[in-house]
Structures are given as structure tokens and as C-alpha cells.
Amino acid sequence: MRFLIYFISFLFFHPLSAHSALEDIPDAVKSKISTPDIEATSWLVVDFETGWVLAGKNTDQRIEPASLTKLMTSYLVFDALRNNEIAMEDMVHISKKAWKTGGSRMFIRVDTQVSVLDLVQGLIVQSGNDAGVALAEHISGSEQGFASRMNLMAAELGMTNTNFTNSSGIPEDNHYSTAEDMTLLSMALIRKFPELYRYYSQSEFTYNGITQQNRNILLGRDPTVDGIKTGYTKNAGYCLIGTALRDGIRLLATVTGSSGTTTRADQVQSLLQYGYGAYEGLIAYQPGAEIKSLPLWFGETSQASIGVQKKLGIIFPRGKSDKLSATLELPESLEAPIAAGTPVGYIQVKYDQQPIYRTSLQVNQSYAEGPWHKRILDAIKKLIY
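In my numbering, the protein residues as written are 7 to 391.
Because the hints were derived from the structure by calculation, they are not lab data. Mixed in with the good hints, there may be bad ones.
[As the list claims (entries may be wrong)] Cut-off 25 Å, straight-line C-alpha distance, at most; resulting in silico cross-link-like pairs (DSS-like, lysine-lysine):
#: 1; residue 1: Lys380; residue 2: Lys298
#: 2; residue 1: Lys356; residue 2: Lys380
#: 3; residue 1: Lys298; residue 2: Lys388
#: 4; residue 1: Lys388; residue 2: Lys356
On a predicted model such as this, the values are computed, not experimentally measured, just so you know.
All chains, please: the whole structure from these sequences, using the hints.
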């Protein structure tokens with residue numbers, strides 16, 4: 007009961023965070039509602055918090071990622087901004103290669119200087135291949151060097167069936183990914199760069215006197231949709247990764263190899279509607295919130311606060327919250343000194359008495375050793391008890 011009270015108390019105040027991997031939703035909480043009929047090469051709909059795949063088809067089938075590639079380009083640009091390798095105010099020299107890059111463009115001109123900020127918007131909103139090359143060259147010196155960086159990050163994020171050869175998504179041999187990997191990348195981008203992710207909800211951008219609309223038409227259809235990226239080549243077909251945030255629950259839906267711009271939007275919207283119609287979610291705990299306190303020996307205080315490292319949220323079939331429960335797996339006590347973030351146990355979430363989700367518990371703050379007389383007294387007490 008206490009677990010459910012915590013769930014409800016956090017429900018409407020905190021959005022869900024991302025999980026680090028994708029896995030099928032446990033059978034115990036899988037909805038019996040039929041999934042939409044999606045005619046596309048591959049598709050899936052995912053819960054952002056748990057990383058559970060609610061439904062999907064051919065999720066690990068190799069695809070040509072087209073402009074979905076730019077998700078990794080923007081991820082590395084955001085990472086370089088976060089690490090102060092570059093700044094939004096930096097002026098980037100536009101090479102002949104960047105200027106000549108074909109396909110979708112923001113229409114930068116050779117031998118001019120363009121700000122990183124403008125290039126970021128050109129990359130994301132206008133899906134500019136030329137912007138992708140210019141940013142790659144600015145960060146790594148060459149697009150080839152940047153592609154190596156893309157692949158290193160893909161491996162770090164667990165994208166096991168992806169290889170990049172360029173920063174734009176222009177078709178090339180050995181440039182491939184999967185719907186699953188691109189969804190995983192999207193989740194990582196939203197999770198790590200919430201302050202920069204907002205560019206993916208920008209509806210239009212004007213550069214060089216040319217205004218272009220964001221190709222994600224769901225942004226204009228549904229106010230809960232705030233991203234994320236479209237893609238198209240002849241071989242890839244029409245692709246779209248869309249995400250929405252409703253009542254604290256974020257879902258992502260990915261469609262690749264669809265037959266048209268409107269069709270891909272309709273399909274992603276249908277998958278999101280399915281997810282929100284079949285499931286609901288609750289947030290149990292936020293990072294830093296105390297779930298339980300444990301006796302602490304040899305410290306300045308006698309109790310240590312225990313909580314979760316990341317937001318803990320669970321989805322389940324709509325209307326079935328009464329079937330949720332949880333158990334804690336913790337030692338009887340801890341000893342100082344102990345650092346904040348030290349793993350000390352687990353919380354096991356159950357649905358209808360069946361385990362569905364397990365995540366680690368940690369010490370919420372650091373606890374130093376107490377004074378010598380406190381340590382001696384605790385040592386005596388520990389021997390007695």
C-alpha cells in the first residue's frame with residue numbers, strides 16, 4: 007500500500023526517464039488489446055522509462071537509416087557542447103564538400119561562416135545534409151573522422167547492429183542500423199540532453215532567406231508530441247520516430263519503410279494511441295527521495311537514507327494499479343564511511359505477485375566517520391547486539 011501511495015504522489019509531477027536498453031514487456035503486464043496493423047518494413051512502440059517494447063515487428067532487421075542518422079550527429083554535437091569542445095556561438099567555415107552535399111539542405115554557402123546554433127537548427131529542423139557535414143568537419147576535422155566517433159558512441163550506447171559511414175544519412179555501402187537501435191539512440195538523446203532536445207520540437211527554421219518546415223507533421227497535429235526525426239531515401243522508404251509525453255508517461259514509436267509522409271505519421275500516431283490506450287504508468291520514486299533508512303554504524307549520524315539512482319516508474323495494463331506491489335532487498339545495517347551512490351540493494355516490483363522489474367538501491371548522500379568516541383561506542387554496541 008505504501009508503495010502505491012508513493013506511486014500516486016509522484017504521478018503528475020515528474021516525467022519518466024529512460025532505461026539503458028530495450029527488452030520485451032514482461033508477459034505478466036502485457037496488454038491483451040490488439041496492436042494496430044502497420045504496413046512497414048519494421049516498427050515498434052516503446053515505454054521510455056522501462057525500455058519495454060510494448061509491440062513491434064522486425065525490430066532488429068537491418069535498414070538504411072537515411073536522415074535518422076542525424077540523431078547520432080546531433081547527439082555528438084550536443085555532447086561536444088556539453089563538454090565545452092564547441093560553443094553555439096562558434097563560427098564554422100563552410101567547406102566545398104559541405105556546400106556541395108546533395109539531398110535535403112539548409113543552403114549554406116561555400117567559404118562563409120555559419121554559427122553552430124544555425125547549423126544545429128538546420129540539421130534538426132530542416133534535416134540539412136550540408137549542415138551535418140559542416141558540423142562533422144568542425145568537430146572532428148573530417149566527416150570520416152566524425153563517422154568513427156559516431157560508431158564509438160553507437161557501441162557505447164549498445165547499438166549492436168549499427169554502422170555509420172557519414173553524418174547525414176546519404177546512402178552508402180556499410181551504412182546501416184535497425185529500428186531498435188535508432189529507438190535506443192533517441193531515448194539516450196532525450197535522457198542525456200533535455201535542454202537541447204527542445205530543438206526537435208521546433209516547427210520551422212529560416213536560413214539564407216529560406217524558411218523550411220519541420221518534416222515531422224505530428225508536431226502540428228498533437229500538442230503532446232515533441233519530436234523526434236524523419237528520414238527518407240528510395241531504399242529506406244519513409245521513416246519516422248515520434249515521441250509524446252502524456253500525464254508523465256513518455257512513449258516512442260518508430261516506423262521504417264513506410265509508403266509516404268502522411269502514412270508514416272498516421273502509423274506512428276496509431277502506435278502512440280495504442281500505447282496510451284492499452285497502458286498507464288506510475289512513478290514510484292525520484293532520485294534522492296528516501297525509500298527507507300538503514301542503521302548506520304561508526305558514522306556521525308545513526309541512520310543512512312536509501313533511494314534510487316534514477317526515477318523509478320512502471321507501466322501496466324490500464325486500470326490495474328491494484329495489482330502492483332514491491333519488496334526491498336537490503337542489508338540490516340551499513341557502516342561509515344560510505345559514499346553517496348554506493349549500491350546497497352535492490353527494489354523488486356511485482357505485478358499480480360509476479361516479479362516484473364528490479365533495479366538497484368543506493369545511499370542517497372555521503373556519510374563520514376563519526377568522532378572516535380562514537381566509533382568506540384558503536385563497536386561495543388555491535389558486539390552486544
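Discussion item. Checking each numbered hint in turn, tell me which of them this model violates, lowest number first.
Written reply: 2, 4
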